[in-house]
Structure formats: C-alpha cells, structure tokens
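*Asks:* The chain contents come next:
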Amino acid sequence: MNLEQINPILLIASLMVAATPILLAAIGEAVVEKAGVLNLGVEGMMITGAVVGFAIGVNSGSPALGFVAAAISGAALSMLFAVLVLVLLSNQVATGLGLTMFGLGLSSLIGKPYEGMKVPTLAKWDIPLLSDIPVLGPILFNHDPMVYVSLILIAVVWYVLKSTRAGLILRAVGENHDAAHQLGYKVIRVRMMAIAFGGACAGLGGAYISLVRVPQWVEGMTAGAGWIALAIVVFASWRPWRVLLGAYLFGGITVLQLNLQAAGVAIPVEYLSMSPYVITILVLVAISLKGKHGAPGSLGRIFHASH
Amino acid sequence: MDKMPRWADVALIPILNLVIAFALSALVILAIGEDPVEAVSLMVKGALGSTYGWGYTLYYTTNFIFTGLAVSIAFQAAMFNIGGEGQVVLGGLGVALVSLYIPFPHWTLALIVAMAGGAIFGAAWAAIPAWLQAKRGSHIVITTIMFNFIAFSLLNYLLVNVLRPPGEMNPATASFPETTHLPTFQDMFSTADNVVFRGAPVNVSFFIALIACVAVYFLMWRSRLGFEIRAFGKSPQASVYAGISPVKITMIAMLISGAISGMMSINNTMGQAEQLILNSAEGAGFVGIAVALMGRNHPFGVLLAAFLFGFLAQGGGELALWMNIPRELVTVIQAFVIMLTGAMDNMVRWPVERAFIRAAKRGER
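Line by line, the protein sequences are chains A and B.
271 is the number that the working numbering gives to position 153 of the first sequence; each next residue is one higher, with no gaps.
586 is the number that the working numbering gives to position 246 of the second sequence; each next residue is one higher, with no gaps.
No wet-lab data here; the hints were simulated from the structure.
Do not take every clue at face value.
Claimed, not checked - Not everything, but these chain A residues come out facing chain B in the computed CB check (under 8 Å):
1) A194
2) M197
3) G223
4) P263
5) A349
Stated by the list, open to error - Away from chain B, derived, C-beta distances all over 10 Å, residues of chain A:
6) L128
7) N177
8) Y232
9) T239
10) L248
11) L258
12) Y266
13) V267
14) I272
15) Y303
16) A314
17) E337
18) L376
19) G418
Ideal Cβ placement from N, Cα and C applies to all residues, glycine included.
Generate the whole structure from the sequences, applying the supplied hints.
*Replies:* Right under this line is the structure:
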C-alpha cells in the first residue's frame, strides 16, 4: 500500500472531470422529473450523444461542434420518447427502457467505423492569475470549458426553478398535472420542453465522455453513467445544488476507486462501485422516515386531458 | 357494435405491432447498406433451420419465459419490477451454493433443491425494494434499478474473493459436480444413429418453464390470491375497501416475481454454464419487460413473446456471424418492439378499432 502516491490536488481536479458527465445528465433528468416525467432513457441518450459528438468531432475537427451535435442528437432522441409518452400515452417506464436499448443499439451501429479513431479534444483553459493560486488554482481554474458550463447550468437551473415564473409553472405541472391543466397551463408543451432539455443535457454528458474523458469511441462506453445520473437525481431529492453534491460525491467514488487500485490498497473495489446505489437507497429510506416521498407528485403518471 | 372482435384484439394488434417493428428494422438495415431480405432469411435459418438452431432458440426462450412471467406478475399488481436482472444474478448464487455444497445422488433431486435455492435468493433480493415500496412508498422502479447494480457488484465481489477456486484466474465458481448436470435435449432426444440438438444448451429447464406458465395461469386467474393481486393492480383504493391489504399484496406479488426471476438460473447457470459466472443474466431481466408487455401479462402471451425474443436473440447472433450486421441490431429491434407495444393502444389499436366499428356500422345499414 502506498497512499503517498495519491496527490490530493490532482485527485480533486480529476474528480471534477469524472463527475462532469453524470452531472450534466443528472441536472437534465432532474428538470425532466420536476416536470413529472420519469425518463429512464438517460443511458441511451448519453451513449447516442457520445457517438454523435465523437463522429462530428472527428469529421469536423472541432470538439465544440461535436458537443453541439451531441446536444441536438440527445434532444432529438428524447423527442421520440416525448411523442410516445405525451401524445400516444405510452407507459413512461417501458418507453424509457426502450429508449435506452434503442440508444445502445443504434450507437454501436453508428459507431462501428469510428472505433480506434482519434479525436481533437477540448483544450484546458489556463485562466490567468486564478490558476496560479496555490492549491485552489489547479483544482478549480485549470479545466476545459465544459466543466464550467456544467457548473453554470446547475446555477441556472436552480435559479429558474426557484425564482422564475417558468420554473414555478414547470414545478406545478410536475406536482399536480390536473390542477396545472385546469389553471390553463399547457402541460404537454411544458413537459416537451423539459424532456428536450433533459435529452440535450444527457447528450452533452455522453459527448464529454467520448470527447474529453476517454477520448475515444468504445462501444457501450457510458457504462452505466446514465443510471448513476438517475440515482443522483433521487439522491439529491430533486434539488439542483444537491445534484452537484451527488455528482461530485459519486464521481469522487469512481476516481478514488481507480486511485486506490493503483496504490494497491486492499479495499475490495466492489464496495466502492456499489456504494452510490447503496447510498441512494439509504437516502430514500431517510427521506421516507421524515414522512415524505420527496418526489414530484405526478412523477411517472400519465397525463390525459379530459378537457 | 362498439368494440372490435376479440380475435382482432388478441391476435391482429400484436401482429400489426410486430410488422411495424420489423419494417422499421428493415429500414435500419437498409440504412447501414445491407439487404433486409437476406438478413431475415439468415435469421430464420440460423434460429429455426436446424435442431442446433432450435436448441439455442428454445434455450433463450426458457430464460425469457421466467423473466417475462416475473415481470408480468408484478405488473398485475401495478408495479414495474425492473430488478429482474439482479434477481437472476442472486438466484444464480442460490443455485450455485446448492449445487456446489450439497452432495446430490441424482439430478432430479438437485433440480428441485436448486429451484428452491434460486427462488429463495431471488425473492430475498426483491424483498427489500418491495418492503420499501409497501411501507415507505419509495418508487419501486428506482429501488429495483439500484438493486440491480448492487447485485452485480456483490456477485463480482463474491466470485473474485470467496467462491473462486484457488489458482483460477477467471472470476467464476468451480464447475458443479457431475450429479447436478441437467439432461440437455441432446441427451433426451438423440438416438444412437441420429444425434439431434448437438451442442445446444437447451435442457430440461424448458419444461419447468412451461409448467411455470401453467402454474402462473392458475395462480393469477383461478385463485383467490391472484384475484386480489389483479384487483389491487386495477385499483388500489377500491381493493383496500374490499379488505385487501396493500402491504401484503405488494410484498407477495414482488416475492413471487423475484422467486420466478431467480428460478431462471436453473437454465443458464445449472443447465448451461454448469458454474456461476459473471454477467450470467445476459440482459434477460430487461428482455423480460419486453416479453411481459408484448405478451399482455398473460402466461400464454408471455410464452409466445418469449419464443419471439428467443428467435431474435439466436437469429441476431447468426446475423453477426454471417453478415456485416452487428449483433446490436437485435437490441434495436427489441427496442422498437418495446416502444411500439407501449404506444400500441393509441397508435395501432384506436385506428384499427375505429375501422372495425365503421365496417360494422356499414354492414348494419
């Protein structure tokens, strides 16, 4: 065992990178669930974003374009889900699982020719002055732009949900869609937009894996990140800043796992790899002990306007 | 007449649904520059063209019957059991422990005890999410997903650190003893000069799966408990007034569901691998959701749908072998089937129903 090998500054910095994909996907899914829709297709949208982002990144030579394409592809896939669930009134759980399978299958069909290719990756920003601060500089101010985008996104979602009219309407739709409908809000339109946002975020998260974290295309490379994102939303009890906490915590567990393995520590890594899910279950139990479910009232229920 | 005939509801709609799924898949095959007709004929030949192909198709079918039945029972109680995958994994652990540590004189005895072992472990794994749902109202979809991942990690830990025989590299248990090996169709149906099902993994578990279908039918449609489960699923509030305990029904439905998932392991772990390996469930838990949806949660429907997905699994493998079509195409087809089945009511049934009613009215005139 050799714990001195683990540099805490590098550890925290790489934690932020490891957490960014699940952070992006989770904040998107949090908005979707706040609007009362449970989309289990996060993994499928992430992997589609990963392959599309990679393909566009390779062909255009621009990772930024790759991210844009990934967001569009994630949103497009989520619209398939939205039409099935909101217009054709399908079951959300089954359709979401179908979407995940669809994304996994489709991505490996699209991705076959791109296996083993290299892609231009996002350059790190060396923010002048700030990045020279000892300890804090390398941790906080020496990342690629997407890390900051994800943090800004959290703040924006928090602000919009909490303090704007649009956020209030979205929460009303998620809490009780019949009441919101009777007040004249367009339940389906609000949910469409929320689902599209969730899809775009998942797409960005996937692309971050294939364009920055790895950066390569490997079949099935999201490897359950979409499911972790779902766990984070529950862990966070649907609150944006707790999503950030959850993502960094679970991202940290992944990084710690790799570091401990490298340092030869004799903790079975399986404990660490199952811990996000165990923690989420414990949080669920804790929430329920307070006598609340924490979940938006209409989560997962089908909305059918009877005028 | 304000309804369509029953035959149309039971047969025509699912067939239309399948036709659309296959048409979409054909478009995908065209899009990647391959010939859909050749692909379909290859799939049929690979899955049904020989007793070997049949042997694999029925092997997958057996898996999907178990997981499909499991999902369907939970679904009748208005719960989505996404945890089939984890319950199969834990069931495999139960089967493995029984097979490894109890000396059996004959496979029949081993099979019965292993079924019990798999069922108990599978049910135990479903029990915690069930309890959280029944007592605490935690969303069962979310908890069963979490339990899948916990099961994978748990199995990984046990295989690497506890059950792996010393000196072995692979994370797997030792091979089960000879007396627990289940007879395959090759053993059962081959004659001295005509070997059939050569090398195919289909085994006596297939018949257990068929018996399970019949048993589930009687449980759900011919017993008091089944009636209570279905009543609860249709309307929890009304069933409470009728004196049905929601906690009890939630627990029982999920325990039965988990037990049936766990029993799948007599097929894949005891029947085929003859040792417990990583990733033994191979996604069967998720396919079970598609099977239950497609089979309308009825055991007979589940049987047919399981066969369809068994055909897809085997035929898809053959495609990947002989054509430039990745195996994942099958995943895409499965996804189409799931999404279309869910949307079927409003996309296919309404128009078809309207057409029937219009035709009937014209006939009256």
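*Asks:* Hint by hint, say whether it matches the structure.
*Replies:* A quick look at each hint next to the structure:
Here the hint on A194/A is broken, as its CB sits about 15 Å from the closest CB of chain B, past 8 Å. Interface hint at M197/A: violated, since its Cβ lies 13 Å from the closest Cβ of chain B, which is beyond the 8 Å cut-off. Interface hint at G223/A: satisfied, since its Cβ lies 3 Å from the closest Cβ of chain B, which is below the 8 Å cut-off. With a cut of 8 Å, the hint placing P263/A at the interface with chain B is violated, because the nearest CB-to-CB distance is about 31 Å.
The interface hint given for A349/A is met, as the beta carbon of that residue sits about 6 Å from the closest beta carbon of chain B, less than 8 Å. Every CB of chain B is more than 10 Å from the CB of L128/A (nearest about 26 Å), matching its label as outside the interface. No beta-carbon of chain B comes within 10 Å of the beta-carbon of N177/A; the shortest separation is about 18 Å. Its beta-carbon lying about 13 Å from the closest one in chain B, Y232/A satisfies the requirement of being farther than 10 Å from that chain.
Against the 10 Å criterion, T239/A stays outside the reach of chain B, whose nearest CB is about 26 Å from its own CB. At roughly 38 Å, the least C-beta separation between L248/A and chain B is larger than 10 Å, which holds for a residue marked as non-interface. The Cβ of L258/A lies farther than 10 Å from every Cβ of chain B, with a closest approach of about 31 Å, so its non-interface assignment holds. Every Cβ of chain B is farther than 10 Å from the Cβ of Y266/A; the closest lies at roughly 30 Å, confirming the non-interface assignment.
The beta carbon of V267/A is kept farther than 10 Å from every beta carbon of chain B, the shortest such distance being approximately 28 Å. The beta carbon of I272/A is kept farther than 10 Å from every beta carbon of chain B, the shortest such distance being approximately 21 Å. At the 10 Å boundary, the C-beta of Y303/A stays outside the reach of chain B, the nearest C-beta of that chain being 23 Å off. Against the 10 Å criterion, A314/A stays outside the reach of chain B, whose nearest CB is about 18 Å from its own CB.
For E337/A, the non-interface assignment is contradicted: its Cβ lies about 8 Å from the closest Cβ of chain B, within the 10 Å cut-off. Against the 10 Å criterion, L376/A stays outside the reach of chain B, whose nearest CB is about 16 Å from its own CB. A cut-off of 10 Å between C-beta atoms contradicts the statement that G418/A is not in contact with chain B; the least separation is 7 Å.
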